[in-house]
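Participant: Those protein sequence lines, which keep their order, are chains A and B. Numbered according to this note's numbering, the first sequence spans residues 1 to 150. Numbered according to this note's numbering, the second sequence spans residues 151 to 278.
Think of the hints as simulated: they come from the structure by calculation, not from any bench. Any given hint could turn out to be false.
Stated by the list, open to error - With the C-beta cut set under 7 Å, the calculated list includes, among others, these residues of chain B facing chain A:
id : residue
1  : C154
2  : I162
3  : S170
4  : V177
5  : M196
6  : K208
7  : G224
8  : I229
9  : G265
10 : H273
11 : G276
As the list claims (entries may be wrong) - Using 20 Å as the maximum straight-line C-alpha spacing, the simulated EDC-like pairs for lysine to aspartate or glutamate come out as follows:
id : chain 1 : residue 1 : chain 2 : residue 2
12 : A       : K28       : B       : D207
13 : A       : K28       : B       : D215
14 : A       : K28       : A       : D38
Computed from a prediction, not measured in an experiment: that's the story for all the values here. Don't be surprised by glycine CBs; every beta carbon is placed ideally from N, CA and C.
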Amino acid sequence: MKRNVFSALSGAMFGAGLLVSGMIDTVKVQGWLDVFGDWDPTLAFVMGGAIIPMFIAWRVAEKRRVAVLGNDIPAKPAQKLDSNLILGSVLFGAGWGLVGLCPGPALAAVSLNGFAGLVFIFAMIGGMIVTPVLRRALTPKGEAAWTSAR
Amino acid sequence: MIGCAGAMYLLINGRIMGASGILGGLVDGTGRSTWAERVAFLLGLMLFPPVLVPLYDKVDTRVTDNLWLLIAAGLLVGIGTRIANGCTSGHGVCGISRLSLRGIGATVAYIIAGGIVVLAFRHWLGII
């Protein structure tokens with residue numbers, strides 16, 4: 001039960017941060033992605049600001065090895081760039097650029113985006129449903145199809 | 151606040167705060183054993199922001215109403231984040247802060263791809 005309470009609190013704080021920082025403003029996000037045009041750098045501070053407490057948290061986590069509620073701190077996956085990581089990220093980036101929504105803000109702003117937000121979320125869930133099939137086709141034989149569930 | 155949320159999720163629950171992973175694990179069944187924690191996170195994420203909205207003069211997400219763009223983008227985001235195992239929160243915030251080569255590589259790739267799409271669709275085609 002405690003796990004669920006802290007999970008909900010983390011989700012709520014994440015959502016509040018996305019709202020307050022302007023990450024749910026799709027035009028602002030597209031302005032930030034417009035690195036080859038009229039770049040609006042302000043959201044870089046949001047990302048930088050989020051990375052600082054997380055950096056400290058990782059330091060603490062790697063010393064403790066076990067989280068407060070008992071389970072192990074997730075192991076660092078093998079540090080290699082593979083084709084799935086890059087291909088997936090390119091597809092994701094393209095979709096993010098098209099409408100300015102990535103998964104966190106799409107969910108945080110579902111109450112504000114109306115029908116358009118629901119269309120995006122259901123299309124995203126549809127994409128997630130078909131991915132295991134695509135992923136099996138993309139993974140070379142002999143390699144595990146799923147590395148980590150991030 | 152985003153970083154503090156991620157720090158809390160890591161240190162208390164021992165999990166990486168990645169929106170696409172938390173949702174994706176529910177959608178494809180890979181996260182079945184931790185479903186309650188995932189649902190709790192998503193409920194917090196979806197239900198708390200509207201509580202805060204009245205505190206602001208104006209909150210505008212300026213989302214497009216072009217259904218084709220929304221469907222195409224949603225599919226790309228859904229497929230891409232699951233193939234790459236992460237999105238802006240998982241790779242960008244949690245990965246970079248761990249000095250993870252994969253997190254950094256993914257972030258560079260999706261920002262370049264997003265940059266090219268915005269360049270093409272905004273400046274050349276004028277669609278967005």
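Participant: Evaluate each hint against the coordinates.
Facilitator: The hints, checked one at a time:
no.	hint	result
1	C154	5 Å, holds
2	I162	5 Å, holds
3	S170	4 Å, holds
4	V177	4 Å, holds
5	M196	5 Å, holds
6	K208	11 Å, violated
7	G224	3 Å, holds
8	I229	4 Å, holds
9	G265	4 Å, holds
10	H273	5 Å, holds
11	G276	12 Å, violated
12	A/K28 to B/D207	18 Å, holds
13	A/K28 to B/D215	16 Å, holds
14	A/K28 to A/D38	11 Å, holds
Hints 6 and 11 from the earlier list are contradicted by this structure; the remaining hints agree with it.
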